[in-house]
Amino acid sequence: MKYDLAEIHQFGKMYGCNAMYRDYAPDALICVDDRMMHQVYWSGYAIDNVCYFRDWHRMPAEAYDTLVQPQTLYDDPTKDIDNKVYVNPRDGRSEFVIHGQQVDRVADFKTHIKETMAVAKILRNEDWEMLTGDKASGLWITWVADEDKVTDTKFLPGGSDYGFNAGSLATLITCVVDEPDEIYLLGMDLYSNTDSVNNVYKGTDGYLASGGHAIPPTTWIKQFQLIFDKFSHIQYFKINPDTFSEEDKVSRVIEEWKDTPNLTYLTYAEMFGKLVP
Numbered sequence: 518m519k520y521d522l523a524e525i526h527q528f529g530k531m532y533g534c535n536a537m538y539r540d541y542a543p544d545a546l547i548c549v550d551d552r553m554m555h556q557v558y559w560s561g562y563a564i565d566n567v568c569y570f571r572d573w574h575r576m577p578a579e580a581y582d583t584l585v586q587p588q589t590l591y592d593d594p595t596k597d598i599d600n601k602v603y604v605n606p607r608d609g610r611s612e613f614v615i616h617g618q619q620v621d622r623v624a625d626f627k628t629h630i631k632e633t634m635a636v637a638k639i640l641r642n643e644d645w646e647m648l649t650g651d652k653a654s655g656l657w658i659t660w661v662a663d664e665d666k667v668t669d670t671k672f673l674p675g676g677s678d679y680g681f682n683a684g685s686l687a688t689l690i691t692c693v694v695d696e697p698d699e700i701y702l703l704g705m706d707l708y709s710n711t712d713s714v715n716n717v718y719k720g721t722d723g724y725l726a727s728g729g730h731a732i733p734p735t736t737w738i739k740q741f742q743l744i745f746d747k748f749s750h751i752q753y754f755k756i757n758p759d760t761f762s763e764e765d766k767v768s769r770v771i772e773e774w775k776d777t778p779n780l781t782y783l784t785y786a787e788m789f790g791k792l793v794p
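Read in order, the letters of the sequence shown are residues 518 to 794 in this note's numbering.
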């Protein structure tokens with residue numbers, strides 16, 4: 518982790534995303550990826566720490582045998598699924614949450630990408646493994662405790678999280694829940710200064726490998742713009758690692774946000790200069 522999160526945390530409420538829980542407990546953790554949500558829960562983190570998970574619907578134990586069937590994962594109902602079911606110990610719990618990716622559909626998805634999408638030309642072996650490899654399909658099941666601190670993201674107005682990515686969704690949630698005057702976007706680099714993925718957790722469980730290709734940020738940029746416009750009374754600060762440079766893909770003005778009046782860019786040092794009384 519390249520930032521001192523404990524030092525930053527003293528200045529306000531902190532929202533974090535995905536694997537951040539491995540290093541630090543923010544005030545709220547946002548996850549939207551199936552595997553990551555279950556990984557967080559299995560660690561025990563969600564029992565004592567506030568989490569917002571996508572499509573986190575509790576099911577009664579009686580529904581387990583009906584849902585965990587070969588036809589849930591394969592077109593062929595005679596297939597063995599034991600090695601495709603990832604589940605935590607039940608420990609007497611009476612409800613579970615289930616997410617899954619059908620094996621045959623993942624294979625179809627890989628074919629679709631190769632045949633129709635330009636991005637296929639830049640994907641590396643590491644990317645393919647993450648997106649369509651053996652761990653990309655299966656059933657992820659969590660037996661849930663009564664006393665956990667998970668909230669489904671559909672609590673948002675309209676009953677939807679609008680399919681936002683974790684970072685933009687964390688920003689949307691704090692806009693709705695906390696109604697702040699200011700939001701500091703830290704670690705939202707968007708771009709990478711190399712061709713490889715720019716993420717502190719790259720190469721770990723649930724993430725692209727360190728050699729994986731950088732993800733185009735087009736969707737993230739659009740989602741943040743929607744938030745800036747919808748909650749225009751809030752002042753947003755994008756925290757860049759370094760001072761502005763047009764040669765630096767990370768520490769520069771985002772072209773699509775050029776005319777956003779409630780957005781300011783600060784370096785990490787400038788952020789502290791503003792926050793410290």
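Any given hint could turn out to be false.
Capping the alpha-carbon separation at 20 angstroms, the derived lysine to any residue pairs in SDA-like fashion look like this [unchecked claim]:
(1) K530 <-> P734
(2) K671 <-> V567
(3) K530 <-> K766
(4) K766 <-> T784
Label-pair distances were calculated between CB atoms; the ranges are [claimed, not checked]:
(5) D759 <-> I564: 47 to 53 angstroms
(6) D765 <-> P577: 51 to 57 angstroms
(7) D608 <-> P778: 48 to 54 angstroms
(8) E764 <-> D597: 51 to 57 angstroms
(9) K652 <-> Y785: 50 to 56 angstroms
(10) P758 <-> G561: 53 to 59 angstroms
(11) G675 <-> D695: 31 to 37 angstroms
(12) E764 <-> D608: 31 to 37 angstroms
(13) L792 <-> N600: 45 to 51 angstroms
Hint data in this document are derived by calculation from the structure and do not stem from the laboratory. We put the beta carbon where it would ideally sit given N, CA and C, even for glycine.
Now for the hints, and whether the structure bears them out:
1. K530 <-> P734: Roughly 26 angstroms separates the two Cα atoms, so the pair is violated.
2. K671 <-> V567: Roughly 15 angstroms between the alpha carbons, so the hint for K671 and V567 holds.
3. K530 <-> K766: With a Cα-Cα distance of about 28 angstroms, the restraint between K530 and K766 is violated, given a limit of 20 angstroms.
4. K766 <-> T784: With a Cα-Cα distance of about 14 angstroms, the restraint between K766 and T784 holds, given a limit of 20 angstroms.
5. D759 <-> I564: 47 to 53 angstroms: At 39 angstroms between Cβs, range violated.
6. D765 <-> P577: 51 to 57 angstroms: holds, 53 angstroms
7. D608 <-> P778: 48 to 54 angstroms: holds, 52 angstroms
8. E764 <-> D597: 51 to 57 angstroms: Check passed, 54 angstroms falls within 51 to 57 angstroms.
9. K652 <-> Y785: 50 to 56 angstroms: Check failed, 35 angstroms falls outside 50 to 56 angstroms.
10. P758 <-> G561: 53 to 59 angstroms: Since P758 and G561 have Cβ atoms about 33 angstroms apart, the given range 53 to 59 angstroms is violated.
11. G675 <-> D695: 31 to 37 angstroms: violated, 19 angstroms
12. E764 <-> D608: 31 to 37 angstroms: violated, 54 angstroms
13. L792 <-> N600: 45 to 51 angstroms: For N600 against L792, whose Cβ atoms are near 50 angstroms apart, the range 45 to 51 angstroms holds.
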